[in-house]
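Number of protein chains: 2
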Amino acid sequence: MEIIEQVTPMQIRAEELRMAGQTIALVPTMGFFHEGHLELMRVGKKHGDVVIFSIFVNPLQFGPSEDYACYPRDLEGDLAKAEKAGADIAFLPSGREMYPEGFQTKINVKNVTQPLCGLSRPGHFDGVTTVVAKLFHITKPHLALFGQKDYQQLTVISRMVKDLNMDIQIVGVPTVREADGLAMSSRNSYLNAAERRSALCLKKALDLAEELVQSGEKEAGKIRAGMTSLIEHTAHAKIDYIQICNPITLEDKEFVEDEALIALAVKVGKTRLIDNRIINKRKWS
Amino acid sequence: MEIIEQVTPMQIRAEELRMAGQTIALVPTMGFFHEGHLELMRVGKKHGDVVIFSIFVNPLQFGPSEDYACYPRDLEGDLAKAEKAGADIAFLPSGREMYPEGFQTKINVKNVTQPLCGLSRPGHFDGVTTVVAKLFHITKPHLALFGQKDYQQLTVISRMVKDLNMDIQIVGVPTVREADGLAMSSRNSYLNAAERRSALCLKKALDLAEELVQSGEKEAGKIRAGMTSLIEHTAHAKIDYIQICNPITLEDKEFVEDEALIALAVKVGKTRLIDNRIINKRKWS
Numbered sequence: 041m042e043i044i045e046q047v048t049p050m051q052i053r054a055e056e057l058r059m060a061g062q063t064i065a066l067v068p069t070m071g072f073f074h075e076g077h078l079e080l081m082r083v084g085k086k087h088g089d090v091v092i093f094s095i096f097v098n099p100l101q102f103g104p105s106e107d108y109a110c111y112p113r114d115l116e117g118d119l120a121k122a123e124k125a126g127a128d129i130a131f132l133p134s135g136r137e138m139y140p141e142g143f144q145t146k147i148n149v150k151n152v153t154q155p156l157c158g159l160s161r162p163g164h165f166d167g168v169t170t171v172v173a174k175l176f177h178i179t180k181p182h183l184a185l186f187g188q189k190d191y192q193q194l195t196v197i198s199r200m201v202k203d204l205n206m207d208i209q210i211v212g213v214p215t216v217r218e219a220d221g222l223a224m225s226s227r228n229s230y231l232n233a234a235e236r237r238s239a240l241c242l243k244k245a246l247d248l249a250e251e252l253v254q255s256g257e258k259e260a261g262k263i264r265a266g267m268t269s270l271i272e273h274t275a276h277a278k279i280d281y282i283q284i285c286n287p288i289t290l291e292d293k294e295f296v297e298d299e300a301l302i303a304l305a306v307k308v309g310k311t312r313l314i315d316n317r318i319i320n321k322r323k324w325s
Numbered sequence: 041m042e043i044i045e046q047v048t049p050m051q052i053r054a055e056e057l058r059m060a061g062q063t064i065a066l067v068p069t070m071g072f073f074h075e076g077h078l079e080l081m082r083v084g085k086k087h088g089d090v091v092i093f094s095i096f097v098n099p100l101q102f103g104p105s106e107d108y109a110c111y112p113r114d115l116e117g118d119l120a121k122a123e124k125a126g127a128d129i130a131f132l133p134s135g136r137e138m139y140p141e142g143f144q145t146k147i148n149v150k151n152v153t154q155p156l157c158g159l160s161r162p163g164h165f166d167g168v169t170t171v172v173a174k175l176f177h178i179t180k181p182h183l184a185l186f187g188q189k190d191y192q193q194l195t196v197i198s199r200m201v202k203d204l205n206m207d208i209q210i211v212g213v214p215t216v217r218e219a220d221g222l223a224m225s226s227r228n229s230y231l232n233a234a235e236r237r238s239a240l241c242l243k244k245a246l247d248l249a250e251e252l253v254q255s256g257e258k259e260a261g262k263i264r265a266g267m268t269s270l271i272e273h274t275a276h277a278k279i280d281y282i283q284i285c286n287p288i289t290l291e292d293k294e295f296v297e298d299e300a301l302i303a304l305a306v307k308v309g310k311t312r313l314i315d316n317r318i319i320n321k322r323k324w325s
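Protein chains in written order, with our numbering: chain W, 41 to 325; chain L, 41 to 325.
Everything labelled a hint here was simulated from the structure, so no lab data went into it.
Treat the hints with caution; some may be incorrect.
Copies of the same chain look alike in the list, so a pair counts if it fits in one copy or across any two.
[Said to hold, decoys possible] Cut-off 27 Å, straight-line C-alpha distance, at most; resulting in silico cross-link-like pairs (DSS-like, lysine-lysine):
hint: 1; residue 1: Lys307; residue 2: Lys293
hint: 2; residue 1: Lys202; residue 2: Lys150
hint: 3; residue 1: Lys146; residue 2: Lys202
hint: 4; residue 1: Lys86; residue 2: Lys202
hint: 5; residue 1: Lys293; residue 2: Lys150
hint: 6; residue 1: Lys293; residue 2: Lys202
hint: 7; residue 1: Lys278; residue 2: Lys310
Isolated chain W (complex conformation) (with noise of 0.2 Å):
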């Protein structure tokens, strides 16, 4: 597996293979590798020629109070796993090489940024699709593969895509989950054995969601309480958000009729967890 620290030399080599009429699939990670990293890397490897993954945990993304200064890392770790996968080239840029002296520029996604993590992540998703701009940049991929567990991430960085003309296809990889359920999340790594319990409070506030629809349920607000009772009978748990929503405008719905994404953040102990489910989901035939 090639390993590339530098802007420069990446976008050289980037350059080469798409000359050379390889396709580059792009997995942009901030780096402490789980299954749904990995998910990321071999899906990529099924529609790519070459697989390029970015580790670098972006200050950008994060805010003042958040956990940047913390957030697990273990780069030894993640490469002997990424090559496992099939990766073929690590970029793992220093934050020097990626915000150098000067650096002034971001791109603002406007309506799809403002609810759900938006709410309580100000300026988050600004960092997220300028970083990601940078990284299309820097490594020219044909495709590029997020997780589904961040589904706003997912529709901020697709709406960027398709506004600014980015050549590059988007692919949404499902959630992949602990046997018990809970969403893979680098940050699962913060809880300890009383909070990790409480934590599939998620995965279960979106089963009873599912159920309720299932049962007949429209209302929004009706579906929400239900999923709030949950949460809120759960040790270690508070609730972030709950929100019930259009898939593409991320737009409140009152009444889940056609297609809705339930998505929810939970902080249980000192961790803030997401997790989200489309229900009613189109048969694309």
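Following the hints, position chain L against chain W.
Coordinates of chain L only, in the frame set by chain W:
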């Protein structure tokens, strides 16, 4: 000369050219060509194999009280002139093609957009960077050419390209002038005969500034005062700004000791004109 009006065919054609090893030079314009535009195409042809130019009067970069609706247009004349100048492909998108329903993304370059034209045209440069990024992603150029007359625009775009790691060489082409020294601009067509004579005050003020510097004056305030006086004594002319600043950061300079940008905007009648000059230009050995 090829004419392409839609995004996808343009991207396919550009990718095809790149894969065939052709170097693409892009000249983004708002049309109504004068020698300045044609010079960009000629310089593009020197550096690249294929010159693509775009004509798009970008609503995003006009303020509500500006001249978007009456911006001069002459498509037929433009195409004939561009062909003669050696251009290969005209990209002529509609507003709907560039900004379809749901569009919501903007690129902001923070510091260098603030002074000069940024003061009297809020939001202008967000419109410029956003449309230029779109054109870059659509036409996939190796290099792109911009006139030095719009010096701040050139600075802002260079900054965006650097900050977002776009793998594109930005080439600034010296301002083309009328016989008497007026910088060529599509907006000169708005001037009546008396205003046309007054319009020369921009060039004269820059000449005066350069003379003052050559005679030993170093205080930016005094240089500005001389320029101000000259323009205030010109009929129909009203100063928007005169700034003396660092040519990279565009931060004001109090003293002109090394390389400096002198830039000004003047309303002549209802027409806003700009011009600039770099003084004490560094010699690169």
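We went through each hint and held it up to the structure:
Taking the shortest Cα distances, Lys307 and Lys293 sit within 27 Å of each other inside one copy (24 Å), while across copies they are farther apart (50 Å). With identical chains, the CA atoms of Lys202 and Lys150 are at most 27 Å apart both within one copy (13 Å) and between copies (23 Å). Taking the shortest Cα distances, Lys146 and Lys202 sit within 27 Å of each other both inside one copy (17 Å) and across copies (12 Å). Proximity of Lys86 to Lys202 under the C-alpha cut-off of 27 Å is restricted to the intra-copy arrangement: shortest distance 23 Å within a copy versus 33 Å between copies.
With identical chains, the CA atoms of Lys293 and Lys150 are at most 27 Å apart within one copy only, with a shortest distance of 19 Å there and 36 Å across copies. Within a single copy, Lys293 and Lys202 get their C-alpha atoms as close as 24 Å, which meets the 27 Å cut-off; across copies the closest is 41 Å, which misses it. With identical chains, the CA atoms of Lys278 and Lys310 are at most 27 Å apart within one copy only, with a shortest distance of 10 Å there and 60 Å across copies.
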